[in-house]
Amino acid sequence: MVMEDTESCGSKANDTPPLQSQKHRLKFDVYNEVLRRLRRSDKEEADRPGFDHQLWTHFDRLPTRYALDVNVERAEDVLMHQRLLHLAHDHANRLAMEVRLVQVQSTSDGNSPSDESAQSSRTLSNRQSIHPPPAFGSSPNLGSLADQDGDNSEHGNSQFSRPMHEITFSTEDKPKLLSQLTALLAEIGLNIQEAHAFSTVDGYSLDVFVVDGWPYEETEQLKDALEKDLLKIEKQSWLKQLPTSTKGQETRTKGDQNYVAIPNDGSDVWEIDPRHLKFENKIASGSYGDLYKGTYCSQDVAIKVLKPERVDTDIQKDFAQEVFIMRKVRHKNVVQFIGACTKPPTLCIVTEFMCGGSVYDYLHKQKGVFKLPSLLKVAIDVSKGMNYLHQNDIIPGI
1 MVMEDTESCG SKANDTPPLQ SQKHRLKFDV YNEVLRRLRR SDKEEADRPG FDHQLWTHFD
61 RLPTRYALDV NVERAEDVLM HQRLLHLAHD HANRLAMEVR LVQVQSTSDG NSPSDESAQS
121 SRTLSNRQSI HPPPAFGSSP NLGSLADQDG DNSEHGNSQF SRPMHEITFS TEDKPKLLSQ
181 LTALLAEIGL NIQEAHAFST VDGYSLDVFV VDGWPYEETE QLKDALEKDL LKIEKQSWLK
241 QLPTSTKGQE TRTKGDQNYV AIPNDGSDVW EIDPRHLKFE NKIASGSYGD LYKGTYCSQD
301 VAIKVLKPER VDTDIQKDFA QEVFIMRKVR HKNVVQFIGA CTKPPTLCIV TEFMCGGSVY
361 DYLHKQKGVF KLPSLLKVAI DVSKGMNYLH QNDIIPGI
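Taken in order, the sequence shown gives residues 1 to 398; the numbers are from full-length UniProt numbering.
One or more hints might be untrue.
[What the hints assert, rightly or not] Lysine to aspartate or glutamate pairs mimicking EDC-like chemistry, simulated, CA-CA at most 20 Å apart:
(1) K332 x D393
(2) K317 x E271
(3) K328 x E352
Because the hints were derived from the structure by calculation, they are not lab data.
Generate the whole structure from the sequences, applying the supplied hints.
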């Protein structure tokens, strides 16, 4: 039976978390719809005792964005995500992975066909969709790619769709994990057309990529290639290594053993005395740190502070690597690194504060609109910044 607001996911009424916000209610509604569809489809898992509670636990540990983005018409995909997250708990699995073909539908409507024609086109397209759609609501970019593929094919109309591969990873959440996964996909020649990344409240990740560039429709060879690259990465300790110090680089002296060792070539001074930092309001919070607006020597800055209780050897290495890279970046279209505090327990990175916020905030929170000249300028500036990073062999975080 589908849950009502006053019912529980399991056997007790007080198991149901309070609906504290509109976002929570949205998550709750999606959970109910997925549960209803799974039971209607006679899935074996849906008949097991306590399944409704397990399903709610799955939704509740993931952000609301997961519930809003997931394709409820493919409720069985939620079971797959649930299974991968469960596998990720088993340390015998380095990384749980699922690879499958998906069918991306075209978004073009040709010459504005009639309702009858559009319905006929959708019916034909559904008959041809021998593969499931992506697990998450796709952006218009994917549909546009399908349009391009159709234009270059012998059919050349919007009735046809394009198969791509969907790769889903689940593992322990770590700093820079998403960047490392995108680099892994690029290493074997895959082009990422869409990505969805989610972190659970208990420290695990669910990352879903829709890619093209693999020459075969079958999935086993692709899965083998991914597993081989994962093994190669493990052997090279790619997720943990610091950059190799070059000739002339020096680390801190032995007398400063209480510091996180950052490779230093003496070209600049970036160590910040935390006493000169003034914290104002918290901007964002993540699994491993918090982001604050503050001031440093009367300058507005953004301060990313690592949570002391989450700091271990691996986190320190990632922190050191981030500082090493950021202090080399000098470009007007990349957020400027100001300095860092590297003496535990205060580990933080200080950058210039972008008072205008992100483009996402401008469009979605401030309801701003770009006129075409401004839109082109933003696109060009972003491209220049990305090009600078790529020229310096830096993989930007997503």
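(request) Check each numbered hint against the structure and report the violated ones by number, ascending. (result) none
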